[in-house]
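We have chain A already, so just place chain B on it with the hints.
Chains as they are written, first to last, in my numbering: chain A, 1 to 294; chain B, 295 to 575.
For the record, the hints were derived by calculation from the structure and aren't laboratory data.
Honestly, I wouldn't trust all of these hints.
Here are the simulated DSS-like pairs of lysine-lysine, each with C-alpha atoms no more than 30 Å apart in a straight line [what the hints assert, rightly or not]: (1) 498(B) with 472(B); (2) 498(B) with 566(B); (3) 400(B) with 5(A); (4) 472(B) with 5(A).
Far from chain B, some chain A residues (derived; all Cβ distances over 10 Å) [what the hints assert, rightly or not]: (5) 46; (6) 64; (7) 66; (8) 83; (9) 146; (10) 154; (11) 210; (12) 243; (13) 244.
Which stretches of chain B does chain A cover? Using the computed rule of at least three CB atoms under 8 Å from a CB of chain A, they are [stated by the list, open to error]: (14) 327-339; (15) 375-387; (16) 405-411; (17) 416-430; (18) 447-454; (19) 510-518; (20) 548-556.
All values derive from a computational prediction rather than experimental measurement.
Note that beta-carbon positions come from the ideal geometry of N, C-alpha and C, so glycine has one too.
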Amino acid sequence: MEDWKRNGRAFWTLGSPATFWLVVFFLAPLAYLLVLSFSSKAVIDGQVSVNDYAYLTGIDNYVRTLNPDIISIFLRTLWWSALATIACLLVGYPIAFAICFMPERWRPLALLLIVLPFWINLLIRTYALKTVLGARGLVGGSLNAILEPFGMQADIIGTTPAVIFGLVYVFLPFMILPLYSTIERLDKSYLEASLDLGASQFQTFYKVTLPLTMPGIVTGLILVFIPCLGMFLISDELGGTTSWMIGNVIQSQFGSSNDWPFGSALSFVLMLLTIIVLFIQWYVQNHSKGVGAQ
Amino acid sequence: MATQMKPGVGPLEYGRRRWLQALFAVTLIVLYVPIFVLIAFSFNQQNRGGVWKGFTLENYPKAWQNQSIYDAMVNSLTIALVTTLIATVIGTMVAVMMWRFRFPLKPAYEAAMGLPIVIPEICMGVALLLFFNSTGLMGFFSAMVWPFNLSTIIIAHIAFCFPFVAIVVRSRLVGFNKQLEEASRDLGANEWQTFWQVLVPYMKPGIIAGALLAFTLSLDDFVITFFTAGPETVTFPVKIYSMVKTGVKYEVNAASTILILITILATVLAMKLQAPEKSGH
Numbered sequence: 001m002e003d004w005k006r007n008g009r010a011f012w013t014l015g016s017p018a019t020f021w022l023v024v025f026f027l028a029p030l031a032y033l034l035v036l037s038f039s040s041k042a043v044i045d046g047q048v049s050v051n052d053y054a055y056l057t058g059i060d061n062y063v064r065t066l067n068p069d070i071i072s073i074f075l076r077t078l079w080w081s082a083l084a085t086i087a088c089l090l091v092g093y094p095i096a097f098a099i100c101f102m103p104e105r106w107r108p109l110a111l112l113l114i115v116l117p118f119w120i121n122l123l124i125r126t127y128a129l130k131t132v133l134g135a136r137g138l139v140g141g142s143l144n145a146i147l148e149p150f151g152m153q154a155d156i157i158g159t160t161p162a163v164i165f166g167l168v169y170v171f172l173p174f175m176i177l178p179l180y181s182t183i184e185r186l187d188k189s190y191l192e193a194s195l196d197l198g199a200s201q202f203q204t205f206y207k208v209t210l211p212l213t214m215p216g217i218v219t220g221l222i223l224v225f226i227p228c229l230g231m232f233l234i235s236d237e238l239g240g241t242t243s244w245m246i247g248n249v250i251q252s253q254f255g256s257s258n259d260w261p262f263g264s265a266l267s268f269v270l271m272l273l274t275i276i277v278l279f280i281q282w283y284v285q286n287h288s289k290g291v292g293a294q
Numbered sequence: 295m296a297t298q299m300k301p302g303v304g305p306l307e308y309g310r311r312r313w314l315q316a317l318f319a320v321t322l323i324v325l326y327v328p329i330f331v332l333i334a335f336s337f338n339q340q341n342r343g344g345v346w347k348g349f350t351l352e353n354y355p356k357a358w359q360n361q362s363i364y365d366a367m368v369n370s371l372t373i374a375l376v377t378t379l380i381a382t383v384i385g386t387m388v389a390v391m392m393w394r395f396r397f398p399l400k401p402a403y404e405a406a407m408g409l410p411i412v413i414p415e416i417c418m419g420v421a422l423l424l425f426f427n428s429t430g431l432m433g434f435f436s437a438m439v440w441p442f443n444l445s446t447i448i449i450a451h452i453a454f455c456f457p458f459v460a461i462v463v464r465s466r467l468v469g470f471n472k473q474l475e476e477a478s479r480d481l482g483a484n485e486w487q488t489f490w491q492v493l494v495p496y497m498k499p500g501i502i503a504g505a506l507l508a509f510t511l512s513l514d515d516f517v518i519t520f521f522t523a524g525p526e527t528v529t530f531p532v533k534i535y536s537m538v539k540t541g542v543k544y545e546v547n548a549a550s551t552i553l554i555l556i557t558i559l560a561t562v563l564a565m566k567l568q569a570p571e572k573s574g575h
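Looking at chain A on its own, in the form it has when it is part of the complex (with noise of 0.2 Å):
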């Protein structure tokens, strides 16, 4: 690799549109908005004004995160994200583990089927499945017409499973591409030593494979865990009024609330969950012996 000053001319050339968009249009946004996060509405002659501020103020938008109401918002978030994670998980893993031992000509075609609808729109993707689920759909229709003769009737859609069943139906890809490449690059050596020296299956999986793809299934539970928790397509589509997460708050922040500071606040407090997380992974990443994810 070549010192920057070496060719300082080549070095600016094909840095400089990146960094000023970085700059720019990334890391000037985000300061400003933890400036904001800091600040109030100002107060005009008694008034409040609706699209002035007054800067730096204080920390009263993050004291204002510690209401039980926002809290329990945050709680809420968390545990959902954590329910979807664990679910994608669970049915993910066996997923990949199947894949990675089909006949070789049949896994880039299994691949591509389970990662296509994670291509395709987000919001299409939701529309599709609030319509199956609902009412009428293929689904809620169903059920509907399974309950009719006991006179019971059930709505899917605006209930807890609802909104924690799309997270997982949205997210899946996320958690089984990681675990594919790890268990794709796992020595099956180790499997069939472990089993030739008299482990069982259970033993072998808990004992060696579990162990050797922890790093992936650490990136997968990151991948899956951060987005479900910025989420808010999907608790506002498939939720009821009651199944608010943080990301629905932000969103109304910004929107029909109209309280830009504590929006901002919100939003570096689920940054600040982010980087947890990360740093968590970070850890786990580095203090563990398995196959690499990437």
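Same frame as chain A, but now just chain B:
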């Protein structure tokens, strides 16, 4: 455990375990049924209600003639194309820069480049909304004629797409034999010629894969578009969002089907282009 196995299935032949095959099949069904239902209903005669009334192709020309759906679709595709072009160029350039040079604070620079990929989309969306509003760029661009009124969205899309391009191109560059570059210089080519005639052809599969990735990411994006769109601008995902809220017509299914086809085409193309590269290593 071993005694429960079927005869003929070896201990390591997990691919032939019935329960794994069943789980795989069920997952595929769950993943695809909603999408197929959506596509099927794009051929439904009756316009609302979720009941199948018979096959028709009418929804497609109707979607084409529905001005708001048409506009939204054209906007989405325009944004995706412009984003792809710019994100691919600057992403590729910065990939070469990071691959070639040692410079102070490089790890911090790389971390900053990775941030748009890892932070929740909604945070980036609101930050950009705030930025565009307070700098007056939102009003400035919204007042312009098409397609310049899409600028805020395009700027935002480029910001989250180019790091992906940079990652893809850089991973391609790892396999580059630097002696090729030296040979080119020895044979009298200047920096510029070496870049265009040696490095760019080598990076080509990575550049194309990165471009297709940027295209699908941009076309798929809802969250950031939702926050950065001007008051008058509607893109396709945002259009569906509002139509789902108000009750949907099957024209939306027709337009969605077209969008799904475009996305699948781009994805399969990207995978095809990347496949031979793997066997080459």
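Here's how the hints hold up against the structure:
no.	hint	result
1	498(B) with 472(B)	holds, 16 Å
2	498(B) with 566(B)	holds, 14 Å
3	400(B) with 5(A)	holds, 14 Å
4	472(B) with 5(A)	holds, 19 Å
5	46	holds, 24 Å
6	64	holds, 17 Å
7	66	holds, 20 Å
8	83	holds, 17 Å
9	146	holds, 17 Å
10	154	holds, 16 Å
11	210	holds, 14 Å
12	243	holds, 17 Å
13	244	holds, 13 Å
14	327-339	holds (count 6)
15	375-387	holds (count 4)
16	405-411	holds (count 4)
17	416-430	holds (count 10)
18	447-454	holds (count 4)
19	510-518	holds (count 5)
20	548-556	holds (count 3)
Violated hints: none; the structure is consistent with every hint.
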